[in-house]
Amino acid sequence: MKRTIPIVIAFLVGMGLMLDNFITFAPLNTAAVSVRSWLVIIALFSIMVAALNLLLVHIPRIKRRQGTWVQSSVLVVFMLLTILTGVFMGTKNAVYSTFYNGILTPGSTTVNSLLAFFIASAAVRTFRARSLESSLLLLTAILLMLSNVTIGNAISSVIPVMGKWVTNVPNATAQRGLIITSSLAFVTINLRNILGLSTQWLGGKD
Amino acid sequence: MQNRLFNPDKRITYLLLLLVMIFPLINPLGIAIKPSENTLLAYNYVEGLQPGSTMILFIDFGMGQSAELTPQVIASLKHFSDKGLKLFAATQVPEMSTALTGYLAETYGAANKEYGVDYVDLGYFAGAESAIGAMGDSLIDVFKADVNGTDLTTLPIFKSITKLPDINVMFAVTASGTIPFIRQANAKFGMPIIFSVNAVMGPANVPYVQSGQAVSVLVGSTGAAEYETLINQPGTASAAMDAQSLAHLVIILLIVWGNIGYFLEQRRNKEKNA
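Taken in sequence, the protein lines are chains A and B.
Counting with our numbering, you get residues 1 to 206 for the letters of the first sequence.
Counting with our numbering, you get residues 1001 to 1274 for the letters of the second sequence.
In isolation and in its complexed conformation, chain A is listed as follows (with noise of 0.2 Å):
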């Protein structure tokens, strides 16, 4: 009965949303609308879950005063000032303002950013023509990274030609093949999940 009332519900609930797409029926088009708008309500309170797991996750490593503890107090005392100033003096307020320019936007960009070196230096020492294949793959990309930048039109108006076709001609057959493939994979396990064949979303083994 554990297992059986969620699975006759996602039967339910997903075959409708499905056959909502094919048919004009005005009840099932009626509750197909209500459903979409809870599944909105569902997400906000899924945000709400996230914030707790992550005091709860957290929390307990600052008692325990175990392992990166301290980046722990870090996050958990920005995290709660920056809740508790967007909700009772508003985001528009000097003290938010701060926090969310002066921390969140450079910490933010400033860590994605380092990935850029990380990548070069990755590049300059595995991109070796060892092989056919790892030839053309590095002779491509140094096409590619010259072609999707200024000075590669500034070198030869050869070279965004040369890389626009490697994008639209073979790249794009493989992305299409890709797609193709992910979409059916998709469409397979979500059927299989709607019609209950698949019980992994219930913490079952298949």
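Mixed in with the good hints, there may be bad ones.
[What the hints assert, rightly or not] Listed next, the in silico BS3-like pairs over lysine-lysine satisfying Cα-Cα at most 30 Å (straight line):
1) 1144/B with 164/A
2) 1083/B with 1034/B
3) 1113/B with 92/A
4) 1078/B with 1159/B
5) 1144/B with 92/A
6) 92/A with 1078/B
7) 1188/B with 1144/B
8) 92/A with 1034/B
9) 164/A with 1113/B
Since the hints were made in silico from the structure, they are not lab data.
If you're wondering where the values come from, they're calculated on a predicted model, not measured in any experiment.
Since the structure of chain A is provided, determine the placement of chain B on it from the hints.
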């Protein structure tokens, strides 16, 4: 010794990159920016829209990707504002709600467009693809109020707009994927979508432009710089192009240098074994 020469410490790579990126920011080289086909597609499409046409903007990137995608948002919003397009703006990333308000203030606000008539800030919405699907039934039911808490039914911009298909065009700036927008907007309602994505996602979205499911895909900072050139308002993306160009060139030269060392080592090993 040779190994160290041709496989330098990664700190040397980092330092070289840092120097070549800082230099053009201080002394711009002025390398010409030539708009690509994709950027021209997007620009010409917007140019073809009549003043008063409606556009919905979705911000679907986090603060980490904002350095790459914000210039595109700003350039596009300036263009939409100049064209007199009515804008509905929303984000599905909680932390970007404040940033979105800033983008609108910098573009539509600075152009003295009237809030509630020419543009509206719908703020954050939860539910991602599910919410976009729900917008196909009713925008008002999904958002209820704008970011300031004003009832949407009292805003003039919503006079003839009740659901997503009523809006002429979608502009989705995303770092997580274009498929949800294509599934819920283009596949269901045939809504034209212009995408702006970060550079790594550009090649994967080419098939959607070729199939007509997307009007265009603007790619990374380069797309933003090209767009700034087309609207004749250079901004942060244009300023960063020289740095990006030199950084790419340095990486290529280091890769070639490493390969020279690799071939020399191979030859040395062959001679040793011969």
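Hint check results:
Restraint check for residue 1144/B and residue 164/A: not satisfied, since their Cα atoms lie roughly 44 Å apart, outside the 30 Å limit. Straight-line distance between C-alpha atoms of residue 1083/B and residue 1034/B comes to about 22 Å, which keeps the hinted pair within the 30 Å bound. Of the pairs offered as hints, the one joining residue 1113/B and residue 92/A holds, with about 21 Å between alpha carbons and a cut-off of 30 Å not exceeded. At roughly 24 Å between alpha-carbon atoms, residue 1078/B and residue 1159/B fall within 30 Å of each other, so this suggested pair holds.
Of the pairs offered as hints, the one joining residue 1144/B and residue 92/A holds, with about 21 Å between alpha carbons and a cut-off of 30 Å not exceeded. Taken as a hint, the residue 92/A and residue 1078/B pair is honoured in the structure, with Cα atoms around 23 Å apart against an allowance of 30 Å. Restraint check: the Cα-Cα separation between residue 1188/B and residue 1144/B comes to about 23 Å, which is no more than 30 Å; the hinted pair holds. Between residue 92/A and residue 1034/B, the direct Cα distance comes to roughly 39 Å. Violation of the 30 Å bound is thereby established for this hinted pair.
For the hint linking residue 164/A to residue 1113/B, the alpha-carbon distance of about 38 Å lies beyond 30 Å, and the restraint is violated.
Violation of the numbered hints given earlier is confined to hints 1, 8 and 9; the remaining hints are satisfied by the structure.
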